[in-house]
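A.B. asks: Next come the chains, spelled out residue by residue.
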Amino acid sequence: MHKFTVPIGPQHPALKEPESFNVLLSGERIMKFSARLGYNHRGIEKACEERTYIQNVYLTERVCGICSHAHSSCFVQAVEEIAGLEIPRRANYIRTLVGELERIHSHLLWLGVAGHEVGFDTLLMYAWRDREIVMDILAKLTGNRVNYGINTIGGVRRDINTDQIKDVSKAVKKLKERTEYYVRVAKEEVTLIKRLSGVGVLLPKDVLKLGAVGPTARASGIERDTRKDDPYGAYGELDFRVITDDHNDVYGRTLVRLGELLESYKMISQILENIPEGPITVKAPRKIPAGEAVSRYEAPRGENVHYVKSNGTDKPERVKIRAPTLANIQTVAKMLEDRNLADLPIVIAAIDPCFSCTDRLTLVKDVGHGKGRKMRWEDLHSHSIQWYKARGIDFSDLNKKMEKLLK
Amino acid sequence: MTKEEDVQNELVKKFDFLKDKVKIQRSRRIFADVAAQDLRSVLDHMIKNMGFSFLCTITGLDEGSVFGVVYHLSTKDGMILNLKIRIPKDKPTLETITEYFPSAEAYERELMDLFGMQVEGLPKGSRYPLPDDWPAGEFPLRKGWKSKTSKQEGGI
Amino acid sequence: MIRPAKMIRQVLSSLFKKPATNLYPFNKFEMPDKFRGKIVFDPELCVGCKLCMKDCPAGAINIKKVGEKKFEAEFDLGKCVYCAQCTETCFKKALKFTGEFELASLDREKLKITFNAKPDDTASK
Amino acid sequence: MIGSLLSIFIFPGFLFLMVFGLSAEFIDRKLYARLQNRVGPPWFQPVADLIKLFSKEDIIPEEANPAMFKAMPILALTATITSFFYIPTWRNEALYHFNGDLIIVLYLLTLPALSYFLGGWYSTSLFSKIGAVRTLTQLFAYEVPLLMSILAPALLADTWSLTEMAVFYSAHPWYWLFNILGFFVALITLLGKLEKVPFDIPEAETEIVAGTFTEYSGRLLGLFRLSMDIELIVGASLLAAVYMPFGLAISPIFAFILFLIKVLSIVAMVSVLRTVFARLRIDQMVNFCWRYLAPFSFLQILIILALKGFLVR
Chain W
1 MHKFTVPIGP
11 QHPALKEPES
21 FNVLLSGERI
31 MKFSARLGYN
41 HRGIEKACEE
51 RTYIQNVYLT
61 ERVCGICSHA
71 HSSCFVQAVE
81 EIAGLEIPRR
91 ANYIRTLVGE
101 LERIHSHLLW
111 LGVAGHEVGF
121 DTLLMYAWRD
131 REIVMDILAK
141 LTGNRVNYGI
151 NTIGGVRRDI
161 NTDQIKDVSK
171 AVKKLKERTE
181 YYVRVAKEEV
191 TLIKRLSGVG
201 VLLPKDVLKL
211 GAVGPTARAS
221 GIERDTRKDD
231 PYGAYGELDF
241 RVITDDHNDV
251 YGRTLVRLGE
261 LLESYKMISQ
271 ILENIPEGPI
281 TVKAPRKIPA
291 GEAVSRYEAP
301 RGENVHYVKS
311 NGTDKPERVK
321 IRAPTLANIQ
331 TVAKMLEDRN
341 LADLPIVIAA
351 IDPCFSCTDR
361 LTLVKDVGHG
371 KGRKMRWEDL
381 HSHSIQWYKA
391 RGIDFSDLNK
401 KMEKLLK
Chain H
1001 MTKEEDVQNE
1011 LVKKFDFLKD
1021 KVKIQRSRRI
1031 FADVAAQDLR
1041 SVLDHMIKNM
1051 GFSFLCTITG
1061 LDEGSVFGVV
1071 YHLSTKDGMI
1081 LNLKIRIPKD
1091 KPTLETITEY
1101 FPSAEAYERE
1111 LMDLFGMQVE
1121 GLPKGSRYPL
1131 PDDWPAGEFP
1141 LRKGWKSKTS
1151 KQEGGI
Chain D
2001 MIRPAKMIRQ
2011 VLSSLFKKPA
2021 TNLYPFNKFE
2031 MPDKFRGKIV
2041 FDPELCVGCK
2051 LCMKDCPAGA
2061 INIKKVGEKK
2071 FEAEFDLGKC
2081 VYCAQCTETC
2091 FKKALKFTGE
2101 FELASLDREK
2111 LKITFNAKPD
2121 DTASK
Chain G
3001 MIGSLLSIFI
3011 FPGFLFLMVF
3021 GLSAEFIDRK
3031 LYARLQNRVG
3041 PPWFQPVADL
3051 IKLFSKEDII
3061 PEEANPAMFK
3071 AMPILALTAT
3081 ITSFFYIPTW
3091 RNEALYHFNG
3101 DLIIVLYLLT
3111 LPALSYFLGG
3121 WYSTSLFSKI
3131 GAVRTLTQLF
3141 AYEVPLLMSI
3151 LAPALLADTW
3161 SLTEMAVFYS
3171 AHPWYWLFNI
3181 LGFFVALITL
3191 LGKLEKVPFD
3201 IPEAETEIVA
3211 GTFTEYSGRL
3221 LGLFRLSMDI
3231 ELIVGASLLA
3241 AVYMPFGLAI
3251 SPIFAFILFL
3261 IKVLSIVAMV
3271 SVLRTVFARL
3281 RIDQMVNFCW
3291 RYLAPFSFLQ
3301 ILIILALKGF
3311 LVR
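Protein chains in written order, with the numbering used here: chain W, 1 to 407; chain H, 1001 to 1156; chain D, 2001 to 2125; chain G, 3001 to 3313.
Treat the hints as calculated values from the structure; they're not laboratory data.
It is possible that some hints are incorrect.
[Unchecked claim] Taking lysine-lysine and the DSSO-like style, the derived pairs with C-alpha atoms no more than 30 angstroms apart in a straight line are:
| hint | chain 1 | residue 1 | chain 2 | residue 2 |
| --- | --- | --- | --- | --- |
| 1 | H | Lys1003 | H | Lys1089 |
| 2 | D | Lys2017 | W | Lys187 |
| 3 | D | Lys2050 | D | Lys2018 |
| 4 | D | Lys2028 | D | Lys2050 |
| 5 | W | Lys46 | W | Lys283 |
| 6 | D | Lys2017 | W | Lys315 |
| 7 | H | Lys1146 | D | Lys2079 |
| 8 | D | Lys2050 | W | Lys166 |
| 9 | W | Lys174 | D | Lys2112 |
Please read all numbers here as calculations on a predicted model, not as lab measurements.
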């Protein structure tokens, strides 16, 4: 069968963010799959070193759009551990409440994207309509739909009053009934099951070797959930079940994510019932004493690891952010061995990749000229011709062809 | 005797050069300093019979005259042991640990791209995370390196 | 039991329901009351300590001294990330956030707004 | 001569089909949106899309063969329009009819699928090649059940001409009820022919960008879009003519309105089916067609053969 390489990305309708995969195909079968990441690199780790701790709280929030609270809480926990701050229980409860609301918003978003990847746009429309309920609640609680900015070093910035608690419980009741409907759809819709089961198989032994985290690992029967193993925030006082599944494939991941949604609703009602009274923040010093800390957070996609090293000034010395997608992307190559091309989008979407988390470093323009300067279209055009001419490929006759065309 | 102290005693019993190098910061967090050449033996022992079956990540540090590399390993029940080694800046070579953890490849490529360390034994693959036309010799995460993005484009 | 077209009842029933989407520019959607929108600055209360400039993650605010005890804030909405950290850092409460979020404009310069002090003579202060 | 030219270009011909096709596309998209609880596009959206496409410059890839690249959309459009003349719509007999025009209509309806394949293959881009191969595999999967299920009513009427079938069925009023099973099989295979969601594998935008139409742009893409809309109308009216041949003898105005209702109800069925299913993979689609659709259409033919013995001529 004639083999050819299909480039998918960096711009491709199936991929929400720029990453590029080269897939060696023979007919419809995928023979080899290689990923090239780093397109969404913004230099957050270097930028953290140039900003104060207060500014970094908002910077780490912008690592990723859908798990912004996860990254900022993870960073803030590490800084509080170094500074030895004991944040009030009410702040812990509010932080966990916003974290679970974000998990609901992220899983519903994933449910819609998965539906779209397999061509089931109705599921996308309905899942994202119901997601608006939780987005409005988050806007009411924290003042913004996506980057909530509820975290600060030493606690949270906004309190929650009684009628907000009533709104949240009403919304959670409605969402619970909608999620139960989606569980029934996932279990009974023939074409959806056909497209999801048996796809992207990941055996339990591969999970440990390749280091998969989050729903991707739990769908292969590995019971690893940072909220249970290494409890932070208010998770120590909540009782919830870690959802695992033994389908080892994309269908299992769907069921795990839906199960986690139902668990989140239970947790939120527990939080709302016994949220303790008291202050919501503790005075934090501007200069954090020297030290280092590793903090983990169970983001919707898996386990976030932040390593923060401070040197006594008001700027951190080193911030290392390891997002869950970096661990999960290694498993995609294994899952796609001799599957067919039609499964590629849904397998990539199944680990719920968030590439803005994964790439975090500076893209620098024009380093050769010392100072950064803006290049107009013509400079860029002529620059590229010189650059190629220096390498022996002369595009200049292209200019003549262009002029002839433009005349 | 908490779990952390068990791990500490076993490490110190097995490797006497770790005498006072292992310190417990809080529950489920242990920091240990190791010399670069003993890293593999400690790693091997920890993975094989101490249950550290999961590599969270590898962090690179630029400590002025020396590069620090911290290996974060974790067990099934959430304890993280951070092994820190120091390698000289003029000869920054490391051996890869991809035979224990295939997922370490991405973290080690980050060390190579951002700090300029040399990791031997890495399988062939594309570089991560910097683009291919990144000028050679520029290592962004080193302390002395300043980003050129002007204030207008969001630099501070 | 598995059967095809599981969502058919839900889908047909939504034929008779009001659509969930609304045509944005024609009927506006009101945001909750404490929504973090554009920041406004009150020159009277400012004492020029520049703490807000230090704490702003995006470097969007710039306080200039225009007279004795009179300050002017030059604000770049293009860079502001609407985190409202400056409203908390300012202990004189000179900065407040409004609910306004429709701030798009075609020209970056129009996004730079300056709140200048009242031009009354300094003698009376 | 003038009459036939008029009927080719104006009334049951190009202009009428274009208007009807665009309005059917609007109804399809609006119903699809309302089923998904969305507001949906305004009435002039399909016309606006067409005008936008026709005003854009169409780029032909360098290695592509320009002649074939430009010819395929025109071939698709003409094939769908000519097949409309042989289908009896609101009078008992079509514009042109002869014994055997059923085969001509079915052949003309496979020409668009062939032109998608050639268009995709000749644009030499990776994605369109994969899309082209998928169009062909899908063609072989749904063609046999479609042919069988349309053959059954013809067998009952003992003719190869659509018009004589219409005459036969209006003479024997309730006979068309026997073909209900064939109608459902034909409706599902019509989804395959029109490349609607459960079977829009050749144009799966999340896998292979736009499948066969990846390299097409501007006027050529506009022609392809138009031919797909008209194919929706022609397919629906073929199904209406074959499976719902009642009410043709009443006065022309009512017959025309009844024809519109029949076609639009089939379009509504297509968009409801389009809403509730996910897209199948190509291998799942092929074995679905051969494992379920083909046996059902053979069953339909068996029923017809058994019935022919009892029914009085």
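A.B. asks: Run every hint past the structure and note whether it holds.
C.D. replies: A quick look at each hint next to the structure:
Using a Cα cut-off of 30 angstroms, the hinted pair Lys1003/H and Lys1089/H is violated, with the two alpha carbons roughly 36 angstroms apart. Between the alpha carbons of Lys2017/D and Lys187/W the distance comes to roughly 26 angstroms, so the proposed pair stays at or under 30 angstroms and holds. For the suggested pair Lys2050/D and Lys2018/D, the alpha carbons sit about 51 angstroms apart, so the restraint of at most 30 angstroms is broken. With a CA separation close to 37 angstroms, the supplied pair Lys2028/D and Lys2050/D exceeds the 30 angstroms bound.
This hinted pair checks out: Lys46/W and Lys283/W have alpha carbons roughly 27 angstroms apart, not beyond 30 angstroms. For the hint linking Lys2017/D to Lys315/W, the alpha-carbon distance of about 54 angstroms lies beyond 30 angstroms, and the restraint is violated. Distance check on the hinted pair: Lys1146/H and Lys2079/D sit about 21 angstroms apart at the alpha-carbon level, within 30 angstroms; holds. The hinted pair formed by Lys2050/D and Lys166/W fails the criterion: a straight-line CA distance of about 40 angstroms is larger than 30 angstroms.
Distance restraint check for Lys174/W and Lys2112/D: the Cα-Cα separation of roughly 43 angstroms exceeds the 30 angstroms cut-off, and the hinted pair is therefore not satisfied.
Consistency note: the structure conflicts with the earlier hints numbered 1, 3, 4, 6, 8 and 9.
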